[in-house]
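Engineer: We have chain S; now place chain B onto it with these hints.
Just so you know, the sequences run in chain order S and B.
In terms of the working numbering, the first sequence opens at residue 1 and continues consecutively.
In terms of the working numbering, the second sequence opens at residue 1 and continues consecutively.
Mimicking DSSO-like on lysine-lysine, the simulated pairs with C-alpha atoms at most 27 Å apart in a straight line are:
| # | chain 1 | residue 1 | chain 2 | residue 2 |
| --- | --- | --- | --- | --- |
| 1 | B | 294 | S | 184 |
| 2 | B | 184 | B | 194 |
| 3 | S | 49 | B | 184 |
| 4 | B | 184 | S | 294 |
| 5 | B | 261 | B | 343 |
| 6 | S | 261 | S | 343 |
| 7 | S | 294 | S | 49 |
| 8 | S | 184 | B | 49 |
Note that these hints are calculated values from the structure, not bench results.
Okay, here's what each chain looks like letter by letter:
2 protein chains.
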Amino acid sequence: MSDHKETPRQLSLGAFLMGAGHHIAAWRDPAGAPQAALNFRNFVRAAQKAEAARFDLVFLADSASIREVESPSLELEERAVRFEPLTLLSALAAVTERIGLVGTASTTYNEPFNIARRFASLDRLSGGRAGWNLVTSSNPSDPGNFGQDALPDHAERYRRAHEFHEVVRGLWDSWDEGALLYDKAAGVLFDPQKLHPLNHAGEFYRVRGPLNVPPSPQGHPVVVQAGASDDGRETAARTAEAVFSAHQSFEEAAEFYGDVKERLSRYGRSRGSLKILPGVSPVVGRTEEEARQKFRSLQDRIDPVVGLALLRPIAGGVDLSAYPLDGPLPELPPTNAGKSRQKLLIDLARRKGLSIRELYLEIAGARGHWQLVGTPAQIADELEYFFRNEAADGFNIMPPQLDWGLDDFIELVVPELRRRGLFRSEYAGRTLRDHLGLARPVSRRASVRPVPTPAE
Amino acid sequence: MSDHKETPRQLSLGAFLMGAGHHIAAWRDPAGAPQAALNFRNFVRAAQKAEAARFDLVFLADSASIREVESPSLELEERAVRFEPLTLLSALAAVTERIGLVGTASTTYNEPFNIARRFASLDRLSGGRAGWNLVTSSNPSDPGNFGQDALPDHAERYRRAHEFHEVVRGLWDSWDEGALLYDKAAGVLFDPQKLHPLNHAGEFYRVRGPLNVPPSPQGHPVVVQAGASDDGRETAARTAEAVFSAHQSFEEAAEFYGDVKERLSRYGRSRGSLKILPGVSPVVGRTEEEARQKFRSLQDRIDPVVGLALLRPIAGGVDLSAYPLDGPLPELPPTNAGKSRQKLLIDLARRKGLSIRELYLEIAGARGHWQLVGTPAQIADELEYFFRNEAADGFNIMPPQLDWGLDDFIELVVPELRRRGLFRSEYAGRTLRDHLGLARPVSRRASVRPVPTPAE
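Here chain S stands alone, though its shape is the one from the complex (with noise of 0.2 Å):
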């Protein structure tokens, strides 16, 4: 990975669709699409506006179970559906022109020369715009879905992440510059000095290669992580080109801004090299008590059933119904489940002294990430100061409900960033790398240098 070009630095913007909105009772909305997370032509809608916007990229997370099937909250849950995001996203390849596709899917119950593969189709066929969100499963009802009763642990998934990421790139890499030819006359598709199987074996995976998509204009899907405990930090540190974080406060994100940096020159990489997203879910309003007034419609929709569930994933194993809602949170063991993830929340709870229900209605808006009330003013305040001081080289935005919220947000914050010259009103490039400011990879086949090992 080389430095990127330098440009006047621009923040850079995701809109993260999720079903009917993040907000957990979007759905409810009666301004809302119905069956939205359902519904194809309103993500064709929301990636248009958000392209017309400029934006980045859309980004899709991703869950390969229903969590809970046998929990009274499971009806209550939107989440619980979802198209499947790389199928979702090549639909949306063809209906957009210069956005950023980033999709989820998990090293853990995938095959790397699958997902290789269906990343660089996606991205060759939308001209160079896919990402790929690298995770680990940490849905304790996924294994059941392949053959396993429960989630191999945190360290072996994240050393499976190594090797899957690994084997991708060692793949995506399989083609040089100038391989294909497609020489009619001569009759000659490649040249075959410029094709290289990969014959990785290593702990977990055995892949001889060559992959047979060959790269697209951008090089190859841009890698994106989001884990946040120590594990996710290095992993985002050896593999990634774009991180999307989780953070409640200006002091976290600048402590996981400052942190993951500073690993990158363990593995030989410039500061340029890796853009940091944090989540954040605005409610935008032309005044704030506009503002204030459309968050409460959302948050007082949301069922006790509901968001003692959202609960559930952190509680490691303990039934937070059998304590009062109006309580505090009662000592929690450890889980294998997301462990940073938990430790944020329940660090949260503590520190603002928040009730079992203040703390449900806390994240039931961005589910732990960043949620921002107020004007457009107030919000790109607080946009502009975490992206001037360390914090922020962007951020994935997370409309609270998917219609009104994202075109909050573009109408009235995202002028607001322009007047302030934080956000470009036109692409620059027509690849995501482009408009990340990343650079193209230098393929590691290549390279002069070995592959890069930690210096520690």
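Structural biologist: For chain B alone, coordinates are given in the frame of chain S:
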């Protein structure tokens, strides 16, 4: 699976899109698009043309590896590279409205939960237009990309395919009719009584379910099969709703048609519940001489190295380049890869007394499928004869060249089929099942009968 509704019998047409066309030298046609196999717009044009002509479906084959990486013919083999089929079909779903979208996915190197989910997602976002061509991997270069040294043997691949299909069908039946409520006022999304885990535990797979994608307007994707061996025929009769078959003669096609339709009764299925669509590669001219001239222009562009490479999969390890090109095919040992296909081609050479060169020229066009070269009336005569005499319910059209090859069929043969009352002028329905005349499947869960098993 229940009987289909009786409508005036019309033939079904698929557009089997492959790279620059099905003829092995199509990519060398000076009139063709450059890099056709990797040019998304090329596929959009072809799919939209097929839709405008009211074809039932577009179909994409697959291969999970580059064959013959170390062979001197690789650089001549256009099919070495391709988009992953479901990625491409998902993109095509967004720029078409009615045409069915059938893609190949192997049961050998995928997880059934992932395949069930991806096809259900495509089915849902396309409004009920998806089909899954269920195959077992028979390419000896595939296993190396998935941690294996060799393919599982033929019988094991088919046992795995049967169980894989059971799991996928079971997951597609996770949701009963009316399970989705989306009652905003009451805050009730699903009826939990109508959502069912699968709890499958078999020889190869353990899958809990339920699937996190609800059914589409056609219930679930159409299941397609392409195998021609005895195992393949039985799998088709047990699992498929459409079969893409490969034949060289009416006798072969009629034998296959009769045999597979007969086998349906063992599973309690009607003859109309499975549609048989032989592959056919038509080269159409306004005169016979024009058609022959078009075909010759493609045949003349086949390099002998490519021709020999085409025969390699059937040669059972024998190096045919050691034999005279214009001499007979030597004795060949049986291979594990695609038994039935090998037998078909060797029979063909023996029957017609073909030299090695003549055999590769014979199969280069349609690769063992049925090659027609003639006028619109001659081609329509052949198709009509098969259709009216229990050898075909329709055809999977394999354009020898993607631009003029598909155009010629649509502009010259389709009107002739319409004049004969054999092919629709307008779609009668919106889903792939509607086009094929297949009934919406009855959920196995909802069925009063137990899952049918062979009567033998």
